[in-house]
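J.: Chains as they are written, first to last, in our numbering: chain A, 869 to 1134; chain B, 869 to 1134; chain C, 557 to 908; chain D, 557 to 908.
There may be inaccurate statements among the hints.
[Unchecked claim] Pairwise CB distance ranges (calculated): (1) D993/B <-> A1102/A: 22 to 28 Å; (2) A763/C <-> E804/D: 56 to 62 Å; (3) V666/C <-> S689/D: 47 to 53 Å; (4) E900/C <-> F1048/B: 34 to 40 Å; (5) A773/D <-> S866/C: 42 to 48 Å.
[What the hints assert, rightly or not] Per the computed footprint, the stretches of chain C lying under chain A, defined by three or more beta-carbons under 8 Å from a beta-carbon of chain A, are: (6) 595-602; (7) 625-632; (8) 645-656.
These are computed hints drawn from the structure, not numbers from a lab. Cβ atoms here follow ideal geometry from the backbone N, Cα and C, with glycine treated the same way.
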Amino acid sequence: MRVIPRRTGVPWPLNAAGLLLVGYLVTPFLFGLVGLDARGLVAALREAASAGAIMTSLETATLSTLLVIVLGVPLAYLLARGEFVGKAVLGALVYLPLVIPPLVGGVLLLAMYGPYAPVGRWLGDRGIQITDAWPGIVLAQMFVSAPYLVVAARVAFESVDPALEQVSYALGKPPLVTFFRVSLPLAWPGILAGVPLAWLRALGEFGATVMVAYHPYTLPVYLFVRFGARGVGAALPVAAILLAAGIAVLAVVQGVLRRSAGRIVP
Amino acid sequence: MRVIPRRTGVPWPLNAAGLLLVGYLVTPFLFGLVGLDARGLVAALREAASAGAIMTSLETATLSTLLVIVLGVPLAYLLARGEFVGKAVLGALVYLPLVIPPLVGGVLLLAMYGPYAPVGRWLGDRGIQITDAWPGIVLAQMFVSAPYLVVAARVAFESVDPALEQVSYALGKPPLVTFFRVSLPLAWPGILAGVPLAWLRALGEFGATVMVAYHPYTLPVYLFVRFGARGVGAALPVAAILLAAGIAVLAVVQGVLRRSAGRIVP
Amino acid sequence: MLQVDVSRRQGAFLLDVAFATEHQRVVLFGPSGAGKSLTLQCLAGFVTPDRGRIEVDETVLFDSARRIDVPPWRRRVGVVLQTYTLLPHLTVGANVAYGLAPVWRGHERVRVDTLLAAVGLGGYADRMPAQLSGGQRQRVALAQALASDPRLLLLDEPFSAVDAPVRERLRRDLLALLDAFRVPLVFVTHDFGEAYLLGQTIVILAAGRVVQVGSPADVAARPRTATVARLVGATNILEGRVSDVSPEGMTIDAGVIVVRAPGSPRPRGDLVTFCIRPEDIHLTAPRDGATPATVTRLLPRNGMTTVLVSVGGLSLEASLAGAPPPLGSRVAVEVTEGAAQVLEGGPAEGLE
Amino acid sequence: MLQVDVSRRQGAFLLDVAFATEHQRVVLFGPSGAGKSLTLQCLAGFVTPDRGRIEVDETVLFDSARRIDVPPWRRRVGVVLQTYTLLPHLTVGANVAYGLAPVWRGHERVRVDTLLAAVGLGGYADRMPAQLSGGQRQRVALAQALASDPRLLLLDEPFSAVDAPVRERLRRDLLALLDAFRVPLVFVTHDFGEAYLLGQTIVILAAGRVVQVGSPADVAARPRTATVARLVGATNILEGRVSDVSPEGMTIDAGVIVVRAPGSPRPRGDLVTFCIRPEDIHLTAPRDGATPATVTRLLPRNGMTTVLVSVGGLSLEASLAGAPPPLGSRVAVEVTEGAAQVLEGGPAEGLE
């Protein structure tokens, strides 16, 4: 990494402080890599419990992401283009799940959907179990991951030049047609960049899930259980799966962002 | 909330889908509010363990935020203005802690700083305890909160017109002077908006902390312990504290952003 | 036929614009911040006026009294803006086809080709907008706007991001296009040369209001206020007292210089503001009886020279076609008979 | 004295610019994308050329061969850009004081007041930049640039975001300021009127290269290529064959029209491209022996009319001061003796 100091105008004391922080953030990954042994990883993945947790996590994270896309993209468009009283409040409400710890989210979901809570009891009377079942996992995952998709999609819609939508109106296309033929296609790359982030957040969700649905194990809960029972060494292989998913998503997102940037810049 | 459909160009099917998601995200808060009773809240706060957890959380979150500012602002400037080989990789590395579940972060920190891990043992031999002590809490909090500050500060620096820095150079001010007299003052409102977010993330940190430092209790760990021992009712008051902190920070950040936007737009 | 009467408060800015014209080509002209674009947005329906009425050829598009507000997608107006607004994810051909009026169903391909040929881009249907130059993009945008068979074409500084030689050609081609498609035009510009060339009626806006309406030649020769005088290039703006009034006009004494102005007489002794175009100030060899002046600065232009002269304490600007007198030389100033134009308001109006 | 020779590859764009001049006011002129701003950035040191040499008054600022690259903060150049670049968190006075050269230590207040007075903003020291109009901001930016006692002033389209009447005044005040502070200027513009007014030397750039260097009058009268001819307003660009060569010049036969061009003779029978300014095309009553033409379009300007005529299949552009002939009428075309200017390259060069 060759830092060219003068042209960049970044003086060396700032470089030094910045690289110190990067070092702090990156070294744990190196130590984790060193601590991992390949045979242990394969053996851990072969266990039935691991395979079950992987499947549960993949299924629920994908389902909750799909639900979040279907509802979150329209919400993002409303926040990007709507003009109405209380828009700032609505925008802030969407951020709420981002600013509370997932544990608190779990408590709130339990206060609503728990077996002794109003909605949970009503649904339970009708044979629908939320807690300790996959609906609870999906609800918890949607709660924490929806803001990621909405924020990404809102930024994507806001970066579409409103003049393009106006010209489309002038050409006789009403709002719904304009949305599907102009706004959505142009915002799509940015929305796509938000999808893996929301999926990843759902996949890694622990604090709310551990409260709402301890069972069936998702990967993070399973990781916690293994760590509690068998220590760091046993937790590392499961951590490696989640880490690999994270790195893959990061690579995809950066790639998508770069490609879409290339498409927008003429 | 009066939605003016035509002028906004947001057709009603989109509005309906969006408001459905907002409803899902907001109703748990209402049920949590209903479930909370005032006397229980006061009683819970009076307990010595609660007061201890609150103090531990405030102290460690503030310390880790200060460390993150001192190191993160220079890193953000480097990412915003630096031109060097590997800049994209460096930028992605900073995002890494964001894309892995905090639990995985905890495992990685233990693999490095744990009592039987290389760095942890070396430090332990010299009498410095990391795990189950406040250094471990601060390390875990910095690991998860640093990216928030760095991303906010990077955006803030990137939104400073580079021409202003160039004109400052032309007026005979070298990079370090230009940084402190032009770049930093102009980016400051945006950095300030990132500070409470990083602090809040540190305050709410659970997944990594519960692994690295179960003791002394921080608020989220204490919340988890209370929930495990005494159920949702006992967890709600502690959740209310964290929720209040979240809402306060959200209000502050939205206010800062609006004020700074007002300052930047002439 | 275009009738506009709209007002709208936008933050601290108040738009209150009314005009009517029978002409086919209307230019909204004025400095930036005058409200030209906002007026155009009201016409297109992108912005709803607080109050007012908009009528195009017997069709009411907006009438606050009768609660009529035709939405933009039913107004049948073609819009071309300064920023390039082609849909970046569609080819040139698909962009033009996107706006095609329903009557062309089944003949899309032919119509698109006709329109692209009309704007001089016959073989470009398969290109992407990003592959075109700025001028070419605006040509496609014109074809796209015409595709919807608009009752009115609204152009907001469409050529100002384009280089000068290309811009000149685009303006001429626009005139030909309007003749061919017989569509009325409302054109926004801050460039008086462009307004003069394209407008049959020029509506001059300043600070949200109409300050003058007239033909290009009329507003150039008879600006009503100092603001307009500066905008149309009548840059000598002076004050003087009416010293004589006759049926043909009046004589104004500006101290160092005495001029004659036609029309709208003011009473003798009145302090008036007036303007003189630089072309109407002539510099001759100094002689008795003529107003003496000193050449203070020569500002060359392509084929012309603007000469600044000092007359007493006053600075005047003359525009000369031939060789200018040398810097610092003494000259005599003469003003074309009747070239002074009396203005409403004071001389400082519109100065920043 | 300014010597520039820089080249730099920037993505697909190649800049390769070299010129030298003894003049105090140099204008870099050309269409957008020509490399004007990039050249200026090289002069300021914001961009490092791949190769080359920059020398100002005996001081070498950059020399790739000798590995000299003075950093921007030691070049002592004043920079004013098109975008408003005053520091928004400082008052006007603090903005000017920010750039003050060390020699003024202890006299900051006096010097700032002097500089603000020089740009006509005496009492504005305590305002914030956001409270100023665009023109006022650029005046303060000029005062700020002058505060550092620069050895060279680099201005990149500083007035193009400002309204026309204000822009005209800013240009004139800039000339006075340069006289008062005796500082050399490099000015970037895409407006030939501005280049003509401000430049002693005009360096014309196109596609990253210098296509012509000369005085304003020289480049206007003798463009070297079709690109330059279009930029300087010599809009009639034709092709013809050399039919006769004599010591005074040559005769060119363009089919429907025969013209005479001075200088640089080409052999008889050569196909050449040449240009004629619209002012050099005269329209008279049709008569025997003169070239007959038809008036196809009248383009009015303020005080002038551009008349397009068709001669055979050819379209010519004439600029007339008086009343133009009616549309569709038959006229005769005459060209001022020796007004044709032979160009290098073909007639389509520089067309998009």
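J.: For each hint, tell me whether it holds in the structure or not.
T.: Here's how the hints hold up against the structure:
no.	hint	result
1	D993/B <-> A1102/A: 22 to 28 Å	holds, 26 Å
2	A763/C <-> E804/D: 56 to 62 Å	holds, 59 Å
3	V666/C <-> S689/D: 47 to 53 Å	holds, 52 Å
4	E900/C <-> F1048/B: 34 to 40 Å	violated, 53 Å
5	A773/D <-> S866/C: 42 to 48 Å	violated, 26 Å
6	595-602	holds (count 3)
7	625-632	holds (count 6)
8	645-656	holds (count 3)
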